[in-house]
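Novice: Work out the full structure: start from the sequences and follow the hints.
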Amino acid sequence: IDCNGKTFQSFLFFVVAQGEPQYFEVGTTLTLEPDVSTVPQPINTIRWKYGTGLVVDWDPSGHTYFGSFEGRTTLDPKTLQLVINRLTLADSGQFSLETNLGTVGTHEVKVISKCVYPPPTPSIKTQPLACDVSCALKCTADTTDLGPVSYEWKKDEGPWTEGVELKVMESSNTSEKFSCRLKTSVRTSKASIPKDNPLYKPVTGMSTLKGHIKLFGLQKPPQEVTCCFGLSGTNGLCCLPSSACCPSKARDCRR
Numbered sequence: 045i046d047c048n049g050k051t052f053q054s055f056l057f058f059v060v061a062q063g064e065p066q067y068f069e070v071g072t073t074l075t076l077e078p079d080v081s082t083v084p085q086p087i088n089t090i091r092w093k094y095g096t097g098l099v100v101d102w103d104p105s106g107h108t109y110f111g112s113f114e115g116r117t118t119l120d121p122k123t124l125q126l127v128i129n130r131l132t133l134a135d136s137g138q139f140s141l142e143t144n145l146g147t148v149g150t151h152e153v154k155v156i157s158k159c160v161y162p163p164p165t166p167s168i169k170t171q172p173l174a175c176d177v178s179c180a181l182k183c184t185a186d187t188t189d190l191g192p193v194s195y196e197w198k199k200d201e202g203p204w205t206e207g208v209e210l211k212v213m214e215s216s217n218t219s220e221k222f223s224c225r226l227k228t229s230v231r232t233s234k235a236s237i238p239k240d241n242p243l244y245k246p247v248t249g250m251s252t253l254k255g256h257i258k259l260f261g262l263q264k265p266p267q268e269v270t271c272c273f274g275l276s277g278t279n280g281l282c283c284l285p286s287s288a289c290c291p292s293k294a295r296d297c298r299r
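Those letters in the sequence shown? Residues 45 to 299, by the numbering used here.
One or more hints might be untrue.
What the hints assert, rightly or not - Below, in silico cross-link-like pairs of lysine to aspartate or glutamate (EDC-like), each with a Cα-Cα straight-line distance of 20 Å or less: (1) 169 / 200; (2) 93 / 120; (3) 93 / 114; (4) 245 / 214; (5) 154 / 77; (6) 234 / 186; (7) 239 / 220; (8) 154 / 176; (9) 245 / 206; (10) 169 / 152; (11) 182 / 220; (12) 245 / 201; (13) 221 / 201; (14) 234 / 114; (15) 182 / 206; (16) 239 / 189; (17) 211 / 176; (18) 154 / 69; (19) 122 / 142; (20) 211 / 189; (21) 93 / 152.
Stated by the list, open to error - Pairwise CB distance ranges, derived in the manner of DEER restraints: (22) 173 / 232: 27 to 37 Å; (23) 127 / 104: 16 to 26 Å; (24) 219 / 154: 31 to 41 Å.
Hints are computed from structural coordinates only; laboratory data are not their basis.
Backbone N, C-alpha and C define an ideal beta-carbon position, used for all residues, glycine too.
Specialist: This is the structure:
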């Protein structure tokens, strides 16, 4: 059942090896798979445990499943692989494997509610609100119950790159806009609304019109008739071949 009370089928499968805790969604299928090549032989009994309780007990006479794991769990005695279907929040915890020759290993599993997914779309805040030399952009969202969260940033239309919650900028940065998004162990949020770089200063000295690039200041007008007009706030002229421009404020000029 999903967060809205609707029935759904899950087709996500996760294989967990020993090591750091692993995070999974409610309703998915978990596979605990030890490296059987490292397990002492011969194996006459297999016992998977959840905390101090039993999940399954096996010996040559057959399997015995316990508690809430009965009916949704299978054990392969040849590979020692344990498969648990339809994960619930109550399945969070430590699973351990024992044989007749001792403990093989443990696996830490964290099950996260599907109700918090997809992760919330973050927003970007400027710190401090007014800055002129150096400032920071903070990627913010409610990350309660999300588990470990990482951040990714994008400059203008560039690629996403890994980062941290707080992005420090200097006045030398030439990116016009920034976007951020959250990543959990299993999902990625939508991108934030792009945030203007408060330190961004457009490059001056060039302008584009109808695909032509004009240089201001020291450009030498060509021999042919051109349309030239002054640029507000500059000492230069914008000059184009007469066939390329007909602005009302332009005037014909010759060398």
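Novice: Do the Cβ positions of residue 219 and residue 154 conform to the proposed distance bound of 31 to 41 Å?
Specialist: holds (36 Å)
Novice: Quick one, are residue 169 and residue 200 close enough, alpha carbons at most 20 Å?
Specialist: Distance of about 17 Å is within 20 Å: holds.
Novice: Between residue 182 and residue 220, does the CA-CA distance stay at or below 20 Å?
Specialist: The given pair, whose Cα atoms are some 16 Å apart, holds under the 20 Å limit.
Novice: With a cut-off of 20 Å on the C-alpha distance, tell me whether residue 182 and residue 206 pass.
Specialist: Within the cut-off at roughly 14 Å; holds.
Novice: Can you confirm whether the C-alpha distance between residue 93 and residue 120 stays at or below 20 Å?
Specialist: holds (15 Å)
Novice: Given the hint that residue 245 pairs with residue 214, does the C-alpha gap stay at or below 20 Å?
Specialist: holds (12 Å)
Novice: Check whether the Cα positions of residue 239 and residue 189 lie no farther apart than 20 Å.
Specialist: violated (27 Å)
Novice: Against the 20 Å threshold, does the CA-CA distance of residue 93 and residue 114 hold or violate the hint?
Specialist: holds (13 Å)
Novice: Take the C-alpha atoms of residue 239 and residue 220, compute the straight-line distance between them, and say whether it is at most 20 Å.
Specialist: Roughly 9 Å between the alpha carbons, so the hint for residue 239 and residue 220 holds.
Novice: Straight-line Cα separation of residue 234 and residue 114 no greater than 20 Å?
Specialist: At roughly 38 Å apart (the allowed maximum being 20 Å), residue 114 and residue 234 break the hint.
Novice: Run the distance test for residue 122 versus residue 142: straight-line Cα separation, threshold 20 Å.
Specialist: holds (14 Å)
Novice: Hint check: residue 245 vs residue 206, CA-CA at most 20 Å. Holds or violated?
Specialist: Cα-Cα ~25 Å, so violated.
Violated hints, listed in ascending order, are 8, 9, 10, 14, 16, 20; each of the other numbered hints is respected by the structure.
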